[in-house]
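Protein chains in written order, with the numbering used here: chain A, 1 to 114; chain B, 1 to 111.
I should point out that these hints are in silico values taken from the structure, not numbers from a laboratory.
Among these hints, one or two may not hold up.
As a list, the in silico DSSO-like pairs of lysine-lysine whose alpha-carbon atoms are at most 30 Å apart [as the list claims (entries may be wrong)]:
#: 1; chain 1: B; residue 1: Lys68; chain 2: A; residue 2: Lys65
#: 2; chain 1: B; residue 1: Lys68; chain 2: B; residue 2: Lys98
#: 3; chain 1: B; residue 1: Lys1; chain 2: B; residue 2: Lys98
#: 4; chain 1: B; residue 1: Lys1; chain 2: A; residue 2: Lys65
#: 5; chain 1: A; residue 1: Lys7; chain 2: A; residue 2: Lys65
#: 6; chain 1: B; residue 1: Lys1; chain 2: B; residue 2: Lys110
#: 7; chain 1: A; residue 1: Lys65; chain 2: B; residue 2: Lys110
#: 8; chain 1: A; residue 1: Lys7; chain 2: B; residue 2: Lys42
#: 9; chain 1: B; residue 1: Lys98; chain 2: A; residue 2: Lys7
#: 10; chain 1: B; residue 1: Lys98; chain 2: B; residue 2: Lys42
#: 11; chain 1: B; residue 1: Lys110; chain 2: B; residue 2: Lys68
#: 12; chain 1: B; residue 1: Lys42; chain 2: B; residue 2: Lys1
Pair ranges (Cβ atoms, derived) [as the list claims (entries may be wrong)]:
#: 13; chain 1: A; residue 1: Ser88; chain 2: B; residue 2: Thr5; range: 23 to 29 Å
#: 14; chain 1: B; residue 1: Thr96; chain 2: A; residue 2: Asn82; range: 27 to 33 Å
#: 15; chain 1: B; residue 1: Thr58; chain 2: A; residue 2: Gln41; range: 46 to 52 Å
#: 16; chain 1: B; residue 1: Arg61; chain 2: A; residue 2: Gln14; range: 44 to 50 Å
Per the computed footprint, the stretches of chain A lying under chain B, defined by three or more beta-carbons under 8 Å from a beta-carbon of chain B, are [claimed, not checked]:
#: 17; stretch: 73-81
#: 18; stretch: 107-114
It should be emphasised that the depicted structure is a prediction, and the values quoted were computed from it without experimental measurement.
For glycine and all other residues, C-beta sits at the position ideal for the given N, C-alpha and C.
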Amino acid sequence: SAVISQKPSRDICQRGTSLTIQCQVDSQVTMMFWYRQQPGQSLTLIATANQGSEATYESGFVIDKFPISRPNLTFSTLTVSNMSPEDSSIYLCSVEIVVNTEAFFGQGTRLTVV
Amino acid sequence: KQEVTQIPAALSVPEGENLVLNCSFTDSAIYNLQWFRQDPGKGLTSLLLIQSSQREQTSGRLNASLDKSSGRSTLYIAASQPGDSATYLCAVKGNTGKLIFGQGTTLQVKP
């Protein structure tokens, strides 16, 4: 299994500002993903974080709004830029140690934009 | 396009009951199916992973089955406890390599 530390666990931010969320894994993993969970909804994949290259974004998500870094096999960041109240959600980091195996999730970052 | 549906959306049972949560998916070409638990405002905890070649997996009081041909999975919880109260999510991984989630079943177990 993999233990994921996600920071911060929650934050309240002013509109127009940016927040960077960190995801640290206790072992090297092949795949890292970022998800969004809007209030009362299920999870939606934002992007796949690729080590040493640009992330692969899903339809409806763009790099300017959600820049992602992955400098190595254990760490990734997601930035939510120029925030609006519509960005209020839980953001979750997920990993797979090996491709197409069990997915593990962090505890999430609860973001409120005011 | 893969779609995942979970029924019921919510369920309330008295403590001690055995219960079944249902998950259906539209495309049977999957790598695996995973059941998760989510407590309010928290992340996801992996409960069971079923590979496409498997029929079921068991962990403690939990048993998950998979019928790929009919596009169905069930999560059976035996002797439910108040601590089982949470939202249960089913997710399917297909040949896109992405997990597609259902909307979840919110379970309340009353003492």
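Okay, the hints, checked on the actual structure:
no.: 1; hint: B:Lys68 x A:Lys65; verdict: violated (38 Å)
no.: 2; hint: B:Lys68 x B:Lys98; verdict: holds (17 Å)
no.: 3; hint: B:Lys1 x B:Lys98; verdict: holds (12 Å)
no.: 4; hint: B:Lys1 x A:Lys65; verdict: holds (26 Å)
no.: 5; hint: A:Lys7 x A:Lys65; verdict: holds (19 Å)
no.: 6; hint: B:Lys1 x B:Lys110; verdict: violated (38 Å)
no.: 7; hint: A:Lys65 x B:Lys110; verdict: violated (43 Å)
no.: 8; hint: A:Lys7 x B:Lys42; verdict: holds (13 Å)
no.: 9; hint: B:Lys98 x A:Lys7; verdict: holds (24 Å)
no.: 10; hint: B:Lys98 x B:Lys42; verdict: holds (21 Å)
no.: 11; hint: B:Lys110 x B:Lys68; verdict: violated (33 Å)
no.: 12; hint: B:Lys42 x B:Lys1; verdict: holds (28 Å)
no.: 13; hint: A:Ser88 x B:Thr5: 23 to 29 Å; verdict: holds (26 Å)
no.: 14; hint: B:Thr96 x A:Asn82: 27 to 33 Å; verdict: holds (29 Å)
no.: 15; hint: B:Thr58 x A:Gln41: 46 to 52 Å; verdict: violated (30 Å)
no.: 16; hint: B:Arg61 x A:Gln14: 44 to 50 Å; verdict: holds (46 Å)
no.: 17; hint: 73-81; verdict: violated (count 0)
no.: 18; hint: 107-114; verdict: holds (count 3)
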